[in-house]
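Enquirer: The sequence shown: position 322 = 322 (the numbering used here), numbered continuously.
Don't read these hints as lab results, they were simulated from the structure.
There are no misleading hints in this set.
Pairwise CB distance ranges (calculated):
| no. | residue 1 | residue 2 | range |
| --- | --- | --- | --- |
| 1 | 358 | 479 | 48 to 54 Å |
| 2 | 101 | 70 | 18 to 24 Å |
| 3 | 67 | 202 | 28 to 34 Å |
| 4 | 55 | 12 | 35 to 41 Å |
| 5 | 51 | 479 | 19 to 25 Å |
| 6 | 248 | 401 | 49 to 55 Å |
| 7 | 89 | 404 | 32 to 38 Å |
| 8 | 303 | 92 | 50 to 56 Å |
| 9 | 467 | 51 | 45 to 51 Å |
| 10 | 203 | 242 | 27 to 33 Å |
| 11 | 92 | 67 | 18 to 24 Å |
| 12 | 382 | 70 | 46 to 52 Å |
Quantities reported herein were computed from a predicted structural model and do not represent experimental measurements.
We put the beta carbon where it would ideally sit given N, CA and C, even for glycine.
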Amino acid sequence: MSELGITVKKSENISEWYTQVVLKSELADYAPVHGCIVLRDYSYAIWENIQKYFDEKIKELGHKNVYFPCLIPESLLAKETEHFKGFKPECAWVTVGGNDVLNERLAIRPTSETIIYALLQKWIRSWRDLPIKINQWCNIIRWEIKSTKPFLRTTEFLWQEGHTAHENLEDAEKEVFDILKIYHELMEDLLSIPVLLGRKSEREKFAGAYYTLTLEAIMPDGKALQMGTVHNLGQNFSKVFDIKFLGKDGKYHYVWTTSWGISTRLIGALIMVHGDDKGLIIPPKVAPYQVVIVPIFYKVEERENVLKVAHELKVNLIKEKIRVILDDREWYTPGWKFNEWELKGVPLRIEIGPRDLKEKTITLVRRDTGERIAVKFEDAINEIKSTLDKIHSYLYNKAKKFLEGSILTVKNYDEFKEAITKGGFIRACWCLKNECEEKIKDETGATIRLIPLNKEEVFSKCIYCNEDAREVVYFAKAY
Numbered sequence: 001m002s003e004l005g006i007t008v009k010k011s012e013n014i015s016e017w018y019t020q021v022v023l024k025s026e027l028a029d030y031a032p033v034h035g036c037i038v039l040r041d042y043s044y045a046i047w048e049n050i051q052k053y054f055d056e057k058i059k060e061l062g063h064k065n066v067y068f069p070c071l072i073p074e075s076l077l078a079k080e081t082e083h084f085k086g087f088k089p090e091c092a093w094v095t096v097g098g099n100d101v102l103n104e105r106l107a108i109r110p111t112s113e114t115i116i117y118a119l120l121q122k123w124i125r126s127w128r129d130l131p132i133k134i135n136q137w138c139n140i141i142r143w144e145i146k147s148t149k150p151f152l153r154t155t156e157f158l159w160q161e162g163h164t165a166h167e168n169l170e171d172a173e174k175e176v177f178d179i180l181k182i183y184h185e186l187m188e189d190l191l192s193i194p195v196l197l198g199r200k201s202e203r204e205k206f207a208g209a210y211y212t213l214t215l216e217a218i219m220p221d222g223k224a225l226q227m228g229t230v231h232n233l234g235q236n237f238s239k240v241f242d243i244k245f246l247g248k249d250g251k252y253h254y255v256w257t258t259s260w261g262i263s264t265r266l267i268g269a270l271i272m273v274h275g276d277d278k279g280l281i282i283p284p285k286v287a288p289y290q291v292v293i294v295p296i297f298y299k300v301e302e303r304e305n306v307l308k309v310a311h312e313l314k315v316n317l318i319k320e321k322i323r324v325i326l327d328d329r330e331w332y333t334p335g336w337k338f339n340e341w342e343l344k345g346v347p348l349r350i351e352i353g354p355r356d357l358k359e360k361t362i363t364l365v366r367r368d369t370g371e372r373i374a375v376k377f378e379d380a381i382n383e384i385k386s387t388l389d390k391i392h393s394y395l396y397n398k399a400k401k402f403l404e405g406s407i408l409t410v411k412n413y414d415e416f417k418e419a420i421t422k423g424g425f426i427r428a429c430w431c432l433k434n435e436c437e438e439k440i441k442d443e444t445g446a447t448i449r450l451i452p453l454n455k456e457e458v459f460s461k462c463i464y465c466n467e468d469a470r471e472v473v474y475f476a477k478a479y
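Take these sequences, add in the hints, and give me the full structure.
Expert: This is the structure we're talking about:
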């Protein structure tokens with residue numbers, strides 16, 4: 001199993017460890033196009049579980065799924081100057097269709113605000129048409145010139161992008177915070193990943209937004225990862241695209257719009273945060289298989305009885321809506337299977353052998369702690385459910401402890417420069433001047449990841465210029 005298993009320790013070479021985990025667990029493979037990967041069935045199943053969770057939540061709030069073309073005329077993309085400036089360097093362009101040179105370049109969707117708002121301009125006439133709350137699950141192309149990493153940074157990736165239009169600022173604000181809450185629940189309740197919530201600085205916000213809210217996690221190498229963003233676009237795009245509605249007061253008004261998205265980057269975060277030297281550890285609520293049953297027998301006469309009990313347990317687990325796989329492949333030894341399913345990160349392994357049948361028990365093995373638990377047949381279902389809950393809590397609490405231990409408060413620039421070499425979030429005070437923010441990035445590579453939603457009390461002068469500070473902010477190097 002040595003050539004098939006992970007050959008480097010996570011703590012010694014996290015980059016190589018990550019690549020091996022992605023490839024050897026069969027989450028993904030490299031595509032023939034630079035910066036692109038193939039999501040294999042195992043990672044796509046994780047994405048489907050994320051989709052299912054989020055899709056149900058937003059539909060409860062009245063959102064509906066749609067699909068817009070992936071080709072966007074350059075004239076549409078360029079309508080909002082700040083937006084175009086922000087995305088143009090990442091655009092892939094179609095210039096030829098068949099044998100004909102196109103009269104206008106077409107961008108392959110880097111994001112869909114412009115094409116969606118061009119259509120909203122046609123669809124919205126009066127206050128009766130509002131709110132519009134739509135979402136699409138699709139792929140995105142952003143031409144990456146930096147180094148790429150499967151799931152975390154690729155040229156093409158999958159995401160959802162929500163777009164809404166409202167009568168007033170208050171309704172748009174409610175939308176923004178409703179979605180932020182769902183994202184927060186998804187990351188902590190589904191993925192067992194704790195995050196910090198905050199607002200982006202003007203420099204770091206989405207191009208063309210009124211403001212951007214963000215959810216930030218910390219990875220084991222000390223880098224921050226932006227897990228999702230929610231943008232209040234104000235009336236900026238509606239003025240550019242002339243999206244007006246006749247209000248109840250008989251006057252025309254510009255709509256207020258929002259957009260928001262999460263992507264397959266979440267799978268990368270899951271790998272980094274929870275994995276260990278054996279491979280993946282997938283939180284139970286998002287795992288393709290929550291349980292793997294491995295029957296153990298060494299004699300032909302043992303096979304039938306062991307498999308009969310294994311099949312019965314599988315059927316009972318399916319009735320309880322637990323995702324389970326029975327590994328009855330006879331060409332692999334039980335030890336080989338143990339290693340493979342540990343690599344794939346299945347939360348709970350169940351071993352059933354002749355001795356178990358004799359004692360009327362099964363053996364549960366937790367992927368997170370390695371703990372072995374003998375359980376009576378009659379208690380099996382309840383104990384399996386309880387153990388899956390314990391695994392979720394253990395993974396979350398472990399990650400939360402790491403996050404809390406990765407926040408360092410500093411009061412001067414010397415402390416800042418020393419802290420940033422160690423990684424993690426650096427909590428510091430800032431005067432709000434762009435020059436200080438830019439110089440810190442140029443000199444250290446760190447950016448302001450967020451300004452806390454709940455304003456924190458300033459405790460020092462500005463970290464860079466030593467003038468009066470206005471905000472406490474969290475810096476970090478990031479993916």
